[in-house]
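Numbering of the sequence shown is given in this note's numbering, commencing with residue 403 and proceeding in unit increments.
Rather than coming from a laboratory, the hints here were simulated on the basis of the structure.
Please note that a few of the clues may not be correct.
[Claimed, not checked] What follows is a set of in silico ranges between Cβ atoms, one per label pair, in the way DEER data are often shown:
no., residue 1, residue 2, range
1, MET512, PRO455, 22 to 32 Å
2, ASN505, GLU475, 41 to 51 Å
3, SER509, ALA597, 38 to 48 Å
4, PRO552, ALA576, 24 to 34 Å
5, PRO455, ARG549, 28 to 38 Å
6, GLY598, THR506, 36 to 46 Å
7, PRO511, TYR596, 31 to 41 Å
Here the structure is a predicted model, which means the values were calculated and not measured.
Glycine included, each C-beta is placed from N, C-alpha and C at the ideal position.
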Amino acid sequence: SAGFAGYSTLDIVGHSVRTSRPKGALLIFIGAALATLLGCVPYVTSYVYLESPGVTYRRAPCYDDAPVGAVYERGGVRFELTLEPLALSHSKDAYLKLSAPRNTAISIPMPIANIKLRGQSEVKSTTVLLKAVPLDWQGPYVDEMRRKSPLAEYRFIFLALPPIQSPGTVELPAVLIDGVPVESPIFTFERRTYAGMVPLNC
(Lines of atoms letter the chains of each structure in order from A and count residues from 1; the text may use other names and numbers.)
(Lines give C-alpha, C1' and ligand atoms only; values in the text may rest on other atoms or scores of the structure.)
Protein backbone atom coordinates (compact mmCIF):
# COMPACT_ATOMS: atom_id res chain seq x y z
CA SER A 1 0.00 0.00 0.00
CA ALA A 2 1.02 3.63 -0.31
CA GLY A 3 3.40 4.90 2.34
CA PHE A 4 3.17 8.06 4.49
CA ALA A 5 6.20 9.75 6.06
CA GLY A 6 8.22 6.57 5.64
CA TYR A 7 5.61 4.23 7.14
CA SER A 8 3.24 1.89 5.38
CA THR A 9 -0.43 1.77 6.29
CA LEU A 10 0.23 -1.56 7.95
CA ASP A 11 3.06 -0.04 9.97
CA ILE A 12 0.87 2.81 11.17
CA VAL A 13 -2.01 0.53 12.13
CA GLY A 14 0.32 -1.93 13.79
CA HIS A 15 1.96 0.86 15.77
CA SER A 16 -1.44 2.08 16.90
CA VAL A 17 -2.43 -1.38 18.05
CA ARG A 18 0.80 -1.86 19.99
CA THR A 19 0.56 1.50 21.82
CA SER A 20 -3.15 1.35 22.65
CA ARG A 21 -2.59 -1.25 25.38
CA PRO A 22 -0.34 0.81 27.69
CA LYS A 23 -2.30 4.02 27.04
CA GLY A 24 -3.87 4.06 30.53
CA ALA A 25 -0.54 3.44 32.24
CA LEU A 26 1.08 6.13 30.08
CA LEU A 27 -1.57 8.67 31.10
CA ILE A 28 -1.07 7.83 34.78
CA PHE A 29 2.70 8.22 34.36
CA ILE A 30 2.31 11.58 32.62
CA GLY A 31 -0.11 12.79 35.31
CA ALA A 32 2.26 11.74 38.10
CA ALA A 33 5.21 13.39 36.33
CA LEU A 34 3.31 16.65 35.89
CA ALA A 35 2.19 16.59 39.53
CA THR A 36 5.80 16.06 40.64
CA LEU A 37 7.00 18.93 38.49
CA LEU A 38 4.35 21.15 40.06
CA GLY A 39 5.57 20.19 43.54
CA CYS A 40 2.61 17.95 44.43
CA VAL A 41 2.01 14.22 44.67
CA PRO A 42 -1.34 12.43 44.62
CA TYR A 43 -2.52 10.62 47.75
CA VAL A 44 -5.46 8.69 49.11
CA THR A 45 -6.21 8.73 52.82
CA SER A 46 -9.00 7.86 55.20
CA TYR A 47 -10.23 10.08 58.00
CA VAL A 48 -12.97 10.12 60.64
CA TYR A 49 -15.75 12.55 59.78
CA LEU A 50 -17.67 14.04 62.73
CA GLU A 51 -21.14 15.50 62.35
CA SER A 52 -23.47 17.47 64.61
CA PRO A 53 -25.79 20.43 63.99
CA GLY A 54 -24.13 23.84 64.00
CA VAL A 55 -20.48 22.74 63.89
CA THR A 56 -17.82 23.97 61.48
CA TYR A 57 -14.72 22.08 60.41
CA ARG A 58 -10.97 22.26 60.87
CA ARG A 59 -8.97 20.98 57.93
CA ALA A 60 -5.53 19.49 58.39
CA PRO A 61 -2.53 21.16 56.69
CA CYS A 62 -1.61 19.33 53.47
CA TYR A 63 -4.97 17.50 53.58
CA ASP A 64 -6.95 20.66 52.99
CA ASP A 65 -10.17 19.05 51.81
CA ALA A 66 -10.47 16.42 54.53
CA PRO A 67 -12.49 17.94 57.43
CA VAL A 68 -10.87 16.08 60.31
CA GLY A 69 -11.79 18.41 63.20
CA ALA A 70 -15.22 19.62 64.34
CA VAL A 71 -15.36 23.11 65.88
CA TYR A 72 -18.15 24.62 67.98
CA GLU A 73 -18.64 27.22 70.70
CA ARG A 74 -20.24 26.99 74.12
CA GLY A 75 -20.30 29.66 76.84
CA GLY A 76 -17.78 31.86 75.03
CA VAL A 77 -15.30 28.95 74.75
CA ARG A 78 -14.16 27.43 71.45
CA PHE A 79 -14.14 23.62 71.35
CA GLU A 80 -12.27 21.51 68.80
CA LEU A 81 -12.79 17.76 68.60
CA THR A 82 -11.01 15.23 66.40
CA LEU A 83 -10.92 11.45 66.63
CA GLU A 84 -8.09 11.15 64.10
CA PRO A 85 -6.05 14.36 63.71
CA LEU A 86 -3.78 13.45 60.76
CA ALA A 87 -1.53 16.55 60.41
CA LEU A 88 -3.33 18.56 63.12
CA SER A 89 -1.17 17.00 65.83
CA HIS A 90 2.26 15.46 66.30
CA SER A 91 0.96 12.80 68.69
CA LYS A 92 -1.85 11.47 66.46
CA ASP A 93 -4.01 10.98 69.56
CA ALA A 94 -7.69 11.89 69.37
CA TYR A 95 -8.21 15.07 71.37
CA LEU A 96 -10.56 17.73 72.69
CA LYS A 97 -9.08 21.23 72.71
CA LEU A 98 -10.58 24.29 74.38
CA SER A 99 -9.69 27.94 73.73
CA ALA A 100 -11.03 30.28 76.43
CA PRO A 101 -10.44 33.89 77.48
CA ARG A 102 -7.59 34.14 79.96
CA ASN A 103 -8.55 33.92 83.63
CA THR A 104 -11.52 31.69 82.71
CA ALA A 105 -11.69 28.66 85.01
CA ILE A 106 -11.90 25.43 82.98
CA SER A 107 -12.32 21.94 84.41
CA ILE A 108 -13.82 18.55 83.54
CA PRO A 109 -14.95 16.86 86.79
CA MET A 110 -15.85 13.55 85.11
CA PRO A 111 -13.46 13.30 82.13
CA ILE A 112 -15.07 10.28 80.50
CA ALA A 113 -16.44 10.13 76.94
CA ASN A 114 -19.02 7.56 75.86
CA ILE A 115 -18.34 5.89 72.51
CA LYS A 116 -20.82 3.68 70.64
CA LEU A 117 -19.71 1.73 67.58
CA ARG A 118 -22.40 0.29 65.31
CA GLY A 119 -21.26 -3.06 63.94
CA GLN A 120 -23.10 -5.20 61.40
CA SER A 121 -25.10 -7.02 64.05
CA GLU A 122 -24.67 -5.11 67.32
CA VAL A 123 -23.79 -1.83 68.99
CA LYS A 124 -20.66 -1.83 71.15
CA SER A 125 -20.46 0.78 73.90
CA THR A 126 -17.27 1.80 75.66
CA THR A 127 -16.03 4.61 77.88
CA VAL A 128 -12.81 6.46 77.20
CA LEU A 129 -10.87 8.58 79.67
CA LEU A 130 -9.82 12.10 78.68
CA LYS A 131 -6.46 13.16 80.09
CA ALA A 132 -5.14 16.73 80.34
CA VAL A 133 -1.79 16.98 78.53
CA PRO A 134 0.63 19.75 77.54
CA LEU A 135 -0.23 21.71 74.44
CA ASP A 136 0.84 20.41 71.06
CA TRP A 137 3.35 22.19 68.79
CA GLN A 138 5.87 23.33 71.41
CA GLY A 139 8.72 25.75 70.67
CA PRO A 140 9.97 29.31 71.43
CA TYR A 141 8.04 30.90 68.54
CA VAL A 142 4.81 29.10 69.40
CA ASP A 143 5.21 29.89 73.10
CA GLU A 144 5.66 33.59 72.30
CA MET A 145 2.51 33.57 70.15
CA ARG A 146 0.56 31.97 72.99
CA ARG A 147 1.79 34.51 75.52
CA LYS A 148 0.51 37.33 73.31
CA SER A 149 -2.85 35.69 72.64
CA PRO A 150 -5.90 36.80 74.67
CA LEU A 151 -6.96 33.15 74.77
CA ALA A 152 -5.64 30.27 76.84
CA GLU A 153 -5.70 26.72 75.44
CA TYR A 154 -6.46 23.44 77.18
CA ARG A 155 -5.87 20.05 75.57
CA PHE A 156 -7.27 16.64 76.53
CA ILE A 157 -6.41 13.41 74.71
CA PHE A 158 -8.50 10.23 74.53
CA LEU A 159 -6.74 7.35 76.26
CA ALA A 160 -7.06 3.86 74.70
CA LEU A 161 -9.57 4.91 72.06
CA PRO A 162 -10.65 1.76 70.17
CA PRO A 163 -9.93 1.61 66.43
CA ILE A 164 -12.67 3.34 64.45
CA GLN A 165 -13.69 1.23 61.47
CA SER A 166 -17.48 1.41 61.79
CA PRO A 167 -19.89 4.34 62.27
CA GLY A 168 -20.95 5.41 65.73
CA THR A 169 -21.52 8.25 68.18
CA VAL A 170 -19.42 10.06 70.76
CA GLU A 171 -20.82 11.85 73.81
CA LEU A 172 -18.38 14.18 75.57
CA PRO A 173 -18.38 14.95 79.31
CA ALA A 174 -19.71 18.21 80.69
CA VAL A 175 -17.15 21.01 81.01
CA LEU A 176 -17.24 23.51 83.87
CA ILE A 177 -16.71 27.06 82.61
CA ASP A 178 -16.31 29.39 85.59
CA GLY A 179 -18.21 26.82 87.61
CA VAL A 180 -21.11 26.52 85.15
CA PRO A 181 -21.59 23.06 83.55
CA VAL A 182 -21.70 23.20 79.75
CA GLU A 183 -22.81 20.25 77.62
CA SER A 184 -21.30 19.47 74.23
CA PRO A 185 -23.37 18.16 71.32
CA ILE A 186 -23.56 14.43 70.64
CA PHE A 187 -21.57 13.63 67.50
CA THR A 188 -22.09 10.95 64.91
CA PHE A 189 -18.97 9.76 63.11
CA GLU A 190 -17.94 7.55 60.23
CA ARG A 191 -14.77 6.71 58.36
CA ARG A 192 -14.48 8.29 54.92
CA THR A 193 -11.91 8.23 52.12
CA TYR A 194 -10.38 11.30 50.50
CA ALA A 195 -8.08 11.56 47.48
CA GLY A 196 -6.19 14.72 46.59
CA MET A 197 -2.80 16.31 45.95
CA VAL A 198 -0.29 17.04 48.69
CA PRO A 199 2.71 19.42 48.37
CA LEU A 200 6.12 17.74 48.44
CA ASN A 201 7.24 19.96 51.34
CA CYS A 202 4.52 18.64 53.72
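A quick look at each hint next to the structure:
1. MET512 / PRO455: 22 to 32 Å: 24 Å, holds
2. ASN505 / GLU475: 41 to 51 Å: Violated, since ASN505 and GLU475 (Cβ atoms, about 18 Å apart) do not stay within the stated range.
3. SER509 / ALA597: 38 to 48 Å: 42 Å, holds
4. PRO552 / ALA576: 24 to 34 Å: For PRO552 and ALA576 the Cβ distance comes to about 25 Å; the hint holds.
5. PRO455 / ARG549: 28 to 38 Å: At 36 Å between Cβs, range holds.
6. GLY598 / THR506: 36 to 46 Å: At roughly 38 Å between Cβ atoms, THR506 and GLY598 fall inside 36 to 46 Å, so the hint holds.
7. PRO511 / TYR596: 31 to 41 Å: Check passed, 37 Å falls within 31 to 41 Å.
Consistency with the previously given hints fails for number 2 only.
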